[in-house]
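*Asks:* Residues per chain, in single letters:
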Amino acid sequence: MANKDKKFNIASGAAGQKMYNLIKRLYPICRSITGEGARETLKIISQKISIKIHEVPSGTKVFDWTVPKEWNIKDAYVKNHNGKKVIDFKKSNIHVLNYSIPVKKKMKLKELKSHLFTLPDYPDWIPYLTSYYKEEWGFCLSHKEFKKLKEGIYEVFIDSTLKKGNLTYGELYLPGRKRDEILLTCYICHPSLCNDNLSGVALLTFLANSLKVLKLNYSYRFLFIPETIGAITWLKLNEAGVPNIKLGLVVTCVGDSGDLTYKKTRAGDTLLDKAVEKVLSDSGDQHKIIDFFPSGSDERQFSSPGFKLKMGSLMRTPYGCYPEYHTSADNLDFVKAEKLQDSLNKYLEIIYILETNAKFISLNQKCEPQLGRRGIYSTIGGKKNQGISQKALLWVLNFSDGEHSLLDIAARSGINFRKIKEAADLLLLKNLLKKENKTD
Amino acid sequence: MANKDKKFNIASGAAGQKMYNLIKRLYPICRSITGEGARETLKIISQKISIKIHEVPSGTKVFDWTVPKEWNIKDAYVKNHNGKKVIDFKKSNIHVLNYSIPVKKKMKLKELKSHLFTLPDYPDWIPYLTSYYKEEWGFCLSHKEFKKLKEGIYEVFIDSTLKKGNLTYGELYLPGRKRDEILLTCYICHPSLCNDNLSGVALLTFLANSLKVLKLNYSYRFLFIPETIGAITWLKLNEAGVPNIKLGLVVTCVGDSGDLTYKKTRAGDTLLDKAVEKVLSDSGDQHKIIDFFPSGSDERQFSSPGFKLKMGSLMRTPYGCYPEYHTSADNLDFVKAEKLQDSLNKYLEIIYILETNAKFISLNQKCEPQLGRRGIYSTIGGKKNQGISQKALLWVLNFSDGEHSLLDIAARSGINFRKIKEAADLLLLKNLLKKENKTD
Amino acid sequence: MANKDKKFNIASGAAGQKMYNLIKRLYPICRSITGEGARETLKIISQKISIKIHEVPSGTKVFDWTVPKEWNIKDAYVKNHNGKKVIDFKKSNIHVLNYSIPVKKKMKLKELKSHLFTLPDYPDWIPYLTSYYKEEWGFCLSHKEFKKLKEGIYEVFIDSTLKKGNLTYGELYLPGRKRDEILLTCYICHPSLCNDNLSGVALLTFLANSLKVLKLNYSYRFLFIPETIGAITWLKLNEAGVPNIKLGLVVTCVGDSGDLTYKKTRAGDTLLDKAVEKVLSDSGDQHKIIDFFPSGSDERQFSSPGFKLKMGSLMRTPYGCYPEYHTSADNLDFVKAEKLQDSLNKYLEIIYILETNAKFISLNQKCEPQLGRRGIYSTIGGKKNQGISQKALLWVLNFSDGEHSLLDIAARSGINFRKIKEAADLLLLKNLLKKENKTD
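Protein chains in written order, with the working numbering: chain S, -3 to 436; chain V, -3 to 436; chain F, -3 to 436.
Hints may be right or wrong, so weigh each one.
Claimed, not checked - Using C-beta positions, here's what the derived DEER-type ranges look like:
#1 F:Lys160 / S:Arg175: 56 to 66 Å
#2 V:Lys284 / F:Asp255: 49 to 59 Å
#3 S:Asp281 / F:Lys102: 50 to 60 Å
#4 V:Ile285 / S:Asp281: 29 to 39 Å
#5 F:Ile286 / V:Lys211: 51 to 61 Å
#6 F:Leu424 / V:Lys284: 30 to 40 Å
#7 V:Lys284 / F:Ser279: 22 to 32 Å
#8 V:Lys431 / S:Lys81: 35 to 45 Å
#9 S:Lys130 / V:Asp265: 39 to 49 Å
#10 F:Asp255 / V:Ser54: 57 to 67 Å
#11 S:Arg175 / V:Asp255: 56 to 66 Å
#12 V:Gly302 / F:Ser374: 21 to 31 Å
#13 F:Ser279 / V:Ile285: 25 to 35 Å
#14 V:Gln282 / S:Leu233: 47 to 57 Å
To be clear, the hints were calculated from the coordinates, so they are not data collected in a lab. As the structure is a computational prediction, the values presented were derived from the model and not from experiment. Think of the CB as a built atom: it goes at the ideal place given N, C-alpha and C, for glycine as much as any other residue.
Whenever a hint applies, use it, and build me the whole structure from the sequences.
*Replies:* Rendered as structure tokens:
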């Protein structure tokens, strides 16, 4: 236990830079909800943590959905009548409408334009768009480049394939002492976009790396899945195991410079919500806590009424709330090593609370025990004590009544969870507390 | 259903002017809690809606009260020693203390003064006062006129009668699909006073007019009664039917220029309270919500502990909170057609919610259904959709779990009720929802 | 009942001065958790109220604690090499570390310094420190005097004894109609310190003096005990009677010039909490309400999980929140007669609520009774009534439904408790209310 607690502090400043480096390595790959990009991504992740890679065939029925055909792409461009590439997939993979069907055709500007997408409000940025479930082709480009296109004949080429294949995802299960699981998920389907969501992929990888060496109470399941269809597929294939999942977090948008934002679970008052709120308030950092809403990321599926999993999401600036979202500006400059580090620290702190929270029973229910003669209280009344917080000791003793967990006590007292835990550890050592049997 | 929903929008701008015209027609009549003024008022109302007129004999015991003698008045004045009328009922019927007994007598100014009532703080206004249950006579006049009265002998004349007769009230019952009733009441006992409460009489008349053409779920009961004794009398005579009343509103002070104010039900958290709060917040208009208090209007009787009816009151400026209240300044200038219109619209919107609110069950409890292939979701991921709100669709799907009604979902999401309803209608049409059987 | 109600107003302005005088008389005595100082203090109190004085032998086991040896002291000083007393117990009894063991010894300044305590931040003030459970000696002095001490040999003399003896406390029990008890405690262990806590001793004495002449519903128990060990000892010796205690207050820091502060009970929403909050809000005075915390005074023991007594504490500036706390500056200038008076008035008002609060049943559950014909309502409708509040009458009638007590009604209506009580008394007199049998 003591060993494990120490381990929770291992996230050194170096992890931030390592996460950033992983993002940098994954950034150029053209990912989608299926295809070789996902496989390559998972392969790189598997060099850090031993994820198991699953392949689910196209056509598999998953609740109301069907696993789509597999999409792959080699090249794509639009050439003007001079043969100059005016749009080039090789320069940015988000130039192609993700899941575009193959095209090789000449056409006038007018026809081409009905397949072009831009962001007039941000004329330098390329938007990121997809058409997974309707067969379509298109190109995304900056509004600035779009305005330069002149009348004439254009050659359009998309060297993609859309065929029976597989949906690919990665999974890591770290068994703990209990079968109760904590589910940690990210999505791997976005191509060259950093905050949404290579930041999530990197954080989850390093979080798994930190936890795998620990002796854990809960079991932990890490999912690297395509968004929406991946969550739906996983839930369908693993429905029997869902009841083991006690709570979870969707990891996304954790690398930008904004304050931390916690999107609560659908129920709103779970152990997870309390733990995250405590971590954020203990940190003293500016932060926001927002209510659950059923748009967003995969909490939409995990928290659907048939599952009602207690899934929160700890982000920095939430998806859709920063202009760079789903554009070429969500790039390697937009995410920062130190912010990734800070986000990882918060995730570790949440897990620290989940792992160590428990109810204890004070062995002196009637009146306080005499702490002074046990050497854990100032003997000179009125003098301030060094070291352990005397207030924390008294809070733990008075509220270790079988009703309050350490987290409850920390929340009610306003004292940092770590200080409350420290006080409980000392009281345990001095045989003034016992662990409540009912708690696991 | 679709037909009915359309109907809820019929309250055109013309209704405001029509309500104002009705007020103008009723304004000159000298009303009281009994007598010919009430009968004439009800007769005029019955030209718009087919109310049934009830007569309850004087002396009828109604709980702790007794229906009083019927009061009628033809003329009243005070003449000075020159024979000049210094106070004249013909100029304003509130000059006479309402329910004054007959008087014909000469007296000195000093004696007269003990029967005169003024408002020193508003020297141009005549106060409105009553003495229903103690036999008394008196005159009300402006403080300005009062100060002009000189020593001398005055001739006092009140040509009133106070005899066995009846208490008169009007009632309209619109049967709906369910026996559950919504009670809508106003009081008809005030003479020439516009906001309190000819505005209520006019609104209730036109509200009934709007509802009578609709196919309704709830049954609706409209009462046009004298305040207090009328409510008590109605409750006594209709005690057996009271359990059918699920909720209700007392309509008063709905024509002035102030913001809307909702006085909550005694319980404070009923369906009605939620519906009114949603209508007000959806409107974006400035408004106030105040807690129940047992002084006020007929909610005092309907919410007495033996009945505890869930009665709210949606007003503009509440009784007693504007200086013109119960004075001659609550006149035809004080109420506005557009404010009457706005108040009526809010009442209709409340009833729209009550009529259409229901619990639904999503037919895809596990994960979202695929909206895209049903043509009700943007197929180009990341593009904004026109028309139906995608957020509303997701809210309805995720929270149609058997626990949340549309109103619950609208309240929790912060999305307008109409948009939530629209989303639910579309999902029903697409066979993605079913109505919960338990709800009515 | 009527008699008793009158009695609650007896706390005249003179009581403030009398409390101050008692503090002045008790101030010079050197008190501690045991010893002659406590006995002398209790003897002086017993001249005002007939407390019973208890002696509990040293060595008595009380839960996790043991009653300590009895400490007494006659004299103490530190002399410099000129024989001049540089620290003198006779000038202030807090110069001696409370519970110091006897010492008679010469030593160098360096050795002496390890036994000296000062407050560098408040260089004129002497700190108050204790060492009850570790045998130690020491002196407290102002930092200013401390800095004057020059190198040299000092003669240290403490003429104290620490021997088997007793712990002494005082108790007064005022039996009421019910066995249910209200516990009122103060601590008598501090030497020359006025606000903490001679103010509590004085208030409790005069509160007992006020209550002893009344016919009471609750029984009242007053404890004059040494802090911590006294509370623990009393709880151990009186464990069987503890279930009778329904609620209680720890009286401390009630004489300074700060606003009133109420520290809530551990449960936080008891009858006591509601009563104190109502008294404070009715008063219109600035005040603070703070949550329970398990450091503080004897509520720590009374509210330990094995007892969970509902103990609040109504203070002015709480212990530890004013710089004079536990220093020589908590002196006769720091407490004020008028503040003691104001605190006493608030305690009496709380007890007034506890004594008179009850649930009533309106005898007219269906609709209001007709108050006008009973002469307790304005007969001229619209005129303001003198005397009893008509709003209070309507609140009492509507909410005397078997669920709401007078305190509940007062809290919900925002009307002063006394006005609500007055209305209820009048309604009882008019046979419009009856007392609910279940209440006591």
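*Asks:* All hints are to be evaluated individually against the structure, with a verdict given for each.
*Replies:* For each hint, the structure was consulted:
no. : hint                            : result
1   : F:Lys160 / S:Arg175: 56 to 66 Å : 60 Å, holds
2   : V:Lys284 / F:Asp255: 49 to 59 Å : 31 Å, violated
3   : S:Asp281 / F:Lys102: 50 to 60 Å : 58 Å, holds
4   : V:Ile285 / S:Asp281: 29 to 39 Å : 35 Å, holds
5   : F:Ile286 / V:Lys211: 51 to 61 Å : 58 Å, holds
6   : F:Leu424 / V:Lys284: 30 to 40 Å : 36 Å, holds
7   : V:Lys284 / F:Ser279: 22 to 32 Å : 28 Å, holds
8   : V:Lys431 / S:Lys81: 35 to 45 Å  : 56 Å, violated
9   : S:Lys130 / V:Asp265: 39 to 49 Å : 46 Å, holds
10  : F:Asp255 / V:Ser54: 57 to 67 Å  : 59 Å, holds
11  : S:Arg175 / V:Asp255: 56 to 66 Å : 57 Å, holds
12  : V:Gly302 / F:Ser374: 21 to 31 Å : 24 Å, holds
13  : F:Ser279 / V:Ile285: 25 to 35 Å : 28 Å, holds
14  : V:Gln282 / S:Leu233: 47 to 57 Å : 53 Å, holds
Violation of the numbered hints given earlier is confined to hints 2 and 8; the remaining hints are satisfied by the structure.
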